[in-house]
Amino acid sequence: GAGVSQSPSNKVTEKGKDVELRCDPISGHTALYWYRQSLGQGLEFLIYFQGNSAPDKSGLPSDRFSAERTGGSVSTLTIQRTQQEDSAVYLCASSLARMNEQFFGPGTRLTVL
Amino acid sequence: RKEVEQDPGPFNVPEGATVAFNCTYSNSASQSFFWYRQDCRKEPKLLMSVYSSGNEDGRFTAQLNRASQYISLLIRDSKLSDSATYLCVVNSDAGNMLTFGGGTRLMVKP
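If you read the sequences in order, they're chains C and R. So the first sequence is numbered by our numbering: it starts at 1 and just counts up by one. So the second sequence is numbered by our numbering: it starts at 1 and just counts up by one.
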């Protein structure tokens, strides 16, 4: 079956611009996660959605970052007024329920010039 | 103390060697444990779940030590293709989600 998909696969933007990253989770998965990974570093948790509950935003690094999940399916991560330090791979994962194994999308590589 | 700690490595081993990684966790009530593998510039992929009684999948063996709060991954007869970063995953301290360790890098040399 279809796995987690993310778009775009690569995004190059100028400092100060806003970007939107999209994640399509596996159908039926109630939990959805966003992570960030800089080159050679570990996964940095950003935000977590579980069903209809309020999202856990504890990992968002600043108020320039926001995310939403519409209809319990597709999610969009928005970064406003991008900075060079936002350059990283943004990974989305979904799981059947919150304590089940997570399945990752291929990521979006963001480069802020 | 970090919620999940791993030795970052790298572990450099020759082909055919046996190598083991440990991962310590802080939430004593953790119930979910996994090992993931991440290749360079790729997304993490599930390698295996870790069960209380320990479990084996081919050359890979995972074990859980609740008393000392760590999980381990043993790789026998290492292959060049085993070169990757291995991530352990356990419950967060708050217990509301899973948390990833920073990963252990393995390099298998010919």
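One or more hints might be untrue.
Quick list of the computed label-pair ranges, beta carbon to beta carbon [as the list claims (entries may be wrong)]: (1) C:Thr-78 / R:Arg-76: 44 to 50 Å; (2) R:Leu-74 / C:Gln-41: 24 to 30 Å; (3) R:Lys-2 / C:Thr-13: 31 to 37 Å; (4) C:Lys-15 / R:Asn-27: 36 to 42 Å.
If you're looking for bench data, these hints aren't it; they were derived computationally from the structure. The C-beta atom is built at its ideal place from N, Cα and C for all residues, glycine as well.
The hints, checked one at a time:
1. C:Thr-78 / R:Arg-76: 44 to 50 Å: With a Cβ separation near 46 Å, C:Thr-78 and R:Arg-76 satisfy 44 to 50 Å, so the hint holds.
2. R:Leu-74 / C:Gln-41: 24 to 30 Å: holds, 26 Å
3. R:Lys-2 / C:Thr-13: 31 to 37 Å: holds, 32 Å
4. C:Lys-15 / R:Asn-27: 36 to 42 Å: holds, 39 Å
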